[in-house]
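There are 2 protein chains.
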Amino acid sequence: MANTLNLGVAGLGTVGSSLCTMLETRSDHFTQMAGRAVKVTAVSARNRDKQRGFSLDGVTWHDDAEALARDPNIDVFVELIGGEEGVAKAAVEAALEAGKHVVTANKALLAKHGVDLARRAEAKGVALNFEAAVAGGIPVIKTLREALAANTISRIYGILNGTCNYILSKMQDEQLPFDEVLKDAQQKGYAEADPTFDIGGFDAAHKLSILTTLAFGVSVPFDDVHVEGIEAVSAADIEAADELGYRIKLLAVSQQTDTGLEVRVHPALVAKHSAVAEVSGVTNCVAIDGDYIGSLLLVGPGAGGEATASAVASDVVDVARGLVLPPFVRPVSALTSSNCAELGAHQGAYYVRLTVFDKPGGMAAIAKCMADENVSIESIVQRRPDSELPGGDRSGNSGQAATVILITHKTTEKSIRDALTAIEQAGKVSQPPQMIRIEVL
Amino acid sequence: MANTLNLGVAGLGTVGSSLCTMLETRSDHFTQMAGRAVKVTAVSARNRDKQRGFSLDGVTWHDDAEALARDPNIDVFVELIGGEEGVAKAAVEAALEAGKHVVTANKALLAKHGVDLARRAEAKGVALNFEAAVAGGIPVIKTLREALAANTISRIYGILNGTCNYILSKMQDEQLPFDEVLKDAQQKGYAEADPTFDIGGFDAAHKLSILTTLAFGVSVPFDDVHVEGIEAVSAADIEAADELGYRIKLLAVSQQTDTGLEVRVHPALVAKHSAVAEVSGVTNCVAIDGDYIGSLLLVGPGAGGEATASAVASDVVDVARGLVLPPFVRPVSALTSSNCAELGAHQGAYYVRLTVFDKPGGMAAIAKCMADENVSIESIVQRRPDSELPGGDRSGNSGQAATVILITHKTTEKSIRDALTAIEQAGKVSQPPQMIRIEVL
Numbered sequence: 004m005a006n007t008l009n010l011g012v013a014g015l016g017t018v019g020s021s022l023c024t025m026l027e028t029r030s031d032h033f034t035q036m037a038g039r040a041v042k043v044t045a046v047s048a049r050n051r052d053k054q055r056g057f058s059l060d061g062v063t064w065h066d067d068a069e070a071l072a073r074d075p076n077i078d079v080f081v082e083l084i085g086g087e088e089g090v091a092k093a094a095v096e097a098a099l100e101a102g103k104h105v106v107t108a109n110k111a112l113l114a115k116h117g118v119d120l121a122r123r124a125e126a127k128g129v130a131l132n133f134e135a136a137v138a139g140g141i142p143v144i145k146t147l148r149e150a151l152a153a154n155t156i157s158r159i160y161g162i163l164n165g166t167c168n169y170i171l172s173k174m175q176d177e178q179l180p181f182d183e184v185l186k187d188a189q190q191k192g193y194a195e196a197d198p199t200f201d202i203g204g205f206d207a208a209h210k211l212s213i214l215t216t217l218a219f220g221v222s223v224p225f226d227d228v229h230v231e232g233i234e235a236v237s238a239a240d241i242e243a244a245d246e247l248g249y250r251i252k253l254l255a256v257s258q259q260t261d262t263g264l265e266v267r268v269h270p271a272l273v274a275k276h277s278a279v280a281e282v283s284g285v286t287n288c289v290a291i292d293g294d295y296i297g298s299l300l301l302v303g304p305g306a307g308g309e310a311t312a313s314a315v316a317s318d319v320v321d322v323a324r325g326l327v328l329p330p331f332v333r334p335v336s337a338l339t340s341s342n343c344a345e346l347g348a349h350q351g352a353y354y355v356r357l358t359v360f361d362k363p364g365g366m367a368a369i370a371k372c373m374a375d376e377n378v379s380i381e382s383i384v385q386r387r388p389d390s391e392l393p394g395g396d397r398s399g400n401s402g403q404a405a406t407v408i409l410i411t412h413k414t415t416e417k418s419i420r421d422a423l424t425a426i427e428q429a430g431k432v433s434q435p436p437q438m439i440r441i442e443v444l
Numbered sequence: 004m005a006n007t008l009n010l011g012v013a014g015l016g017t018v019g020s021s022l023c024t025m026l027e028t029r030s031d032h033f034t035q036m037a038g039r040a041v042k043v044t045a046v047s048a049r050n051r052d053k054q055r056g057f058s059l060d061g062v063t064w065h066d067d068a069e070a071l072a073r074d075p076n077i078d079v080f081v082e083l084i085g086g087e088e089g090v091a092k093a094a095v096e097a098a099l100e101a102g103k104h105v106v107t108a109n110k111a112l113l114a115k116h117g118v119d120l121a122r123r124a125e126a127k128g129v130a131l132n133f134e135a136a137v138a139g140g141i142p143v144i145k146t147l148r149e150a151l152a153a154n155t156i157s158r159i160y161g162i163l164n165g166t167c168n169y170i171l172s173k174m175q176d177e178q179l180p181f182d183e184v185l186k187d188a189q190q191k192g193y194a195e196a197d198p199t200f201d202i203g204g205f206d207a208a209h210k211l212s213i214l215t216t217l218a219f220g221v222s223v224p225f226d227d228v229h230v231e232g233i234e235a236v237s238a239a240d241i242e243a244a245d246e247l248g249y250r251i252k253l254l255a256v257s258q259q260t261d262t263g264l265e266v267r268v269h270p271a272l273v274a275k276h277s278a279v280a281e282v283s284g285v286t287n288c289v290a291i292d293g294d295y296i297g298s299l300l301l302v303g304p305g306a307g308g309e310a311t312a313s314a315v316a317s318d319v320v321d322v323a324r325g326l327v328l329p330p331f332v333r334p335v336s337a338l339t340s341s342n343c344a345e346l347g348a349h350q351g352a353y354y355v356r357l358t359v360f361d362k363p364g365g366m367a368a369i370a371k372c373m374a375d376e377n378v379s380i381e382s383i384v385q386r387r388p389d390s391e392l393p394g395g396d397r398s399g400n401s402g403q404a405a406t407v408i409l410i411t412h413k414t415t416e417k418s419i420r421d422a423l424t425a426i427e428q429a430g431k432v433s434q435p436p437q438m439i440r441i442e443v444l
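Chains as they are written, first to last, in the working numbering: chain A, 4 to 444; chain B, 4 to 444.
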């Protein structure tokens, strides 16, 4: 049997604590699975005195993560600090420089500096493993790196942010407005005090950027990812989508198209009976379309200390078993620059919600703006304004706003955007139009 | 870069042909992914002259798979012959004996002789990879061996036979009887001329047996797997289940219980809105419950030449990358004998369909038989017999048979079986009772 594999764990929050507890309580299991003992030899964290439910007896304490990264007694540096710059980046670079394998759950770091770090790992012949950085416990990195190695991938998409999925699911299930559900999610710990990073789509975009490099062999500057959040999704949208046979999800999609690679995160309507529509709450999913595999869907926990520790542990076991791959499967030298498609060229159907002044000619003007851009309408639902409820003014000229829901046939993003701009400029709507892409899964 | 990895491919049916075509048409891709060239060096098949869509120029032909297995020019023996004994077994043994890595899609061989073959592979320090043997293109073997290595698994279940799932889905969607759908499946090539192996549940049981050894570290004699097929599932069952909020699926389940490990394949009622209920047609799925991961679900193609070739290719790439693991993760010496639970001790709810003589006292007798075995009834639906349709004899004493559907609360298999035996012996039913387990997913 090979020597003990010695870990240095930087960051002892929920994931780090779960990992250390796991290694302490099932060391025989690890020895059997990995073919050698796996042991936490040294750690670093902010607070040395905090009780964490596992023993630090015989474990070297470092106040400084970089010092831990260079500790000559460790073989693998496990980075669970987080953050795209600062300590995490410096420590990972130090570990690679010292020829240590690195296992990290840090999606922001990888989205911004992944290719550079991969180059450093390859130069030293060490592993840079990051299963836990995308979709928590779901083994999507391993699936792309190894299980689907023979395939040419045409699309990868999924629900990669549990906070957004929890909020949208609860808005759907309980017919509640966004603000109220967000507050509830914050109270339950599913959303941060400052939720921008999650609900703005940036967290999902970080993960998508990593998946895109793996799946397509391209290096995508993070700024090339199109990101929209869920802040503008209203209870009215969710209700209208439901009536039309759809659910609204924050989707992350990378897709080869005739005009290039689309890399986008945004709310999307998905058919109610699709597998992705059934993924609710904090659960994540990733679907991969490849030429040999057809379609593969993975569904599981996208976060949580234990599920994430499970992914970190599998990365560690891979190192223990001697598996060292180029971090993005292909060597960095073989990655190409992304040829990201202009989103204006995106082809698809759209959901549009308009708040139209209830005056004669409104619908005619809207229809003309759509026709001028060659956008053809599949279905249209106009809801009567409050004034037309029983007892109201039924003149059709109340001046109140009526809600109009349109579903378009397949068109381009540029066409629908131009049509909506024209509708706004024609003064027929009382609020900016709502537009959500419909995704065919 | 390491030397070329030379493959010997035995069996050139749909999977073998897909694999050879793949390796021929994307050799650069393989070289990049695997870090070395991967090449088909020698093959064997029944018919040398058949056109298969790829070139055999420069490839050594063997009439005999065993001779191919021993060919000194190959590094990996890829067995795509099939069958649990005979040529496939002899050739795989010969390859291992000669110190070749083996990749196989042969579930029957592994279910019957997997542990013995694993012992031989371990003794020689070579790989025995079989991703394609279970659930086609779904990477469940890799997930269990590697991604979930840290977890203690409590349950693994899934839809592992596409033929059965196609038949049950079509019976559901088109309200057709079993025989008619089976004939359609045979015409479409989804079912064999002799369909017993699939519809009897044996194919799923082979796959479950392999998964069970991997997931639980136990060696399960194939005869210890409880196997029931779908032959007895009627359109009436599917309709009644639908009304009660369920779908009927052929499930393969291995589950740790207080009385031991349950390893069983049988039709089961699953809640309509569970992810597994949404898996329809020839698609397969596998769900794994582990203590750190929680629940993970994989959905994808369970068969097909290309999807299966994708799985075979990933096994080959693993070998090319130098990954050699004990075939069942733990070394064979660490596998334990199965402590299979008696199915009589199985706890769960049951669906029961009775064909009751339409005479006074029938329901009372049935209720008493259930009560005598402490089986408590959650719901009961009695359908009127044809004679009670408008214009019929409404005496309640027609002598015709009425259908009674019962859903029980949680009970034991022994109790429900004893109750049903008593009901039959009391002469209250005109046909043997139908009983289907309800699975909580």
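The hints are simulated quantities; they were obtained by calculation from the structure and are not laboratory data. One or more of the hints may lead you astray.
All copies of an identical chain are treated as equivalent in the list; a pair is satisfied when it fits inside any one copy or across any two copies.
[What the hints assert, rightly or not] The calculated SDA-like cross-link candidates involving lysine to any residue, where the alpha carbons are at most 20 Å apart (straight line), are:
hint: 1; residue 1: Lys191; residue 2: Asp66
hint: 2; residue 1: Lys417; residue 2: Ala274
hint: 3; residue 1: Lys362; residue 2: Glu234
hint: 4; residue 1: Lys53; residue 2: Ser433
hint: 5; residue 1: Lys42; residue 2: Gly56
hint: 6; residue 1: Lys173; residue 2: Ala306
hint: 7; residue 1: Lys127; residue 2: Thr424
hint: 8; residue 1: Lys417; residue 2: Ala352
hint: 9; residue 1: Lys127; residue 2: Ser298
hint: 10; residue 1: Lys413; residue 2: Glu376
hint: 11; residue 1: Lys413; residue 2: Glu345
hint: 12; residue 1: Lys362; residue 2: Pro198
A quick note: this is a predicted structure, and the numbers were derived from the prediction, not measured.
20 Å Cα cut-off: does Lys173 pair with Ala306 within a copy, between copies, both or neither? within (18 Å within a copy, 37 Å between copies)
At 20 Å max between alpha carbons, let me know whether Lys191 reaches Asp66 within a copy, between copies, both or neither. neither (32 Å within a copy, 66 Å between copies)
What label fits Lys417 with Ala352 when the C-alpha limit is 20 Å: within, between, both, or neither? within (12 Å within a copy, 55 Å between copies)
Status of Ser433 relative to Lys53 across identical chains (alpha carbons, at most 20 Å): neither (56 Å within a copy, 70 Å between copies)
Within a copy, between copies, both or neither: which one fits Lys362 and Glu234 at a CA-CA cutoff of 20 Å? For Lys362 and Glu234, the Cα distance exceeds 20 Å both inside one copy (30 Å) and across copies (64 Å).
Can you give me the call for Lys417 and Ala274, within, between, both or neither, at a CA distance of at most 20 Å? Neither way: Lys417 and Ala274 sit 24 Å apart in one copy and 43 Å across, limit 20 Å.
Given identical chains, is Lys127 near Ser298, meaning Cα to Cα at most 20 Å, within a copy, between copies, both, or neither? neither (36 Å within a copy, 36 Å between copies)
If the cutoff is 20 Å on CA atoms, where do Lys127 and Thr424 land: within, between, both or neither? Let me know, please. For Lys127 and Thr424, the Cα distance exceeds 20 Å both inside one copy (53 Å) and across copies (70 Å).
Can you give me the call for Lys413 and Glu345, within, between, both or neither, at a CA distance of at most 20 Å? Answer is within; shortest intra-copy Cα gap is 17 Å, inter-copy 57 Å.
Which holds for Lys42 with Gly56 at a C-alpha limit of 20 Å: within a copy, between copies, both or neither? within (16 Å within a copy, 52 Å between copies)
Between the shortest in-copy and the shortest cross-copy C-alpha distance, which are at most 20 Å for Lys362 and Pro198: within, between, both, or neither? For Lys362 and Pro198, neither the intra-copy (40 Å) nor the inter-copy (66 Å) Cα distance is at most 20 Å.
As a check of your reading, is Lys413 near Glu376 (CA-CA no more than 20 Å) within one copy, between copies, both or neither? within (12 Å within a copy, 61 Å between copies)
Hint compliance for this structure: hints 1, 2, 3, 4, 7, 9 and 12 are broken, all remaining hints hold.
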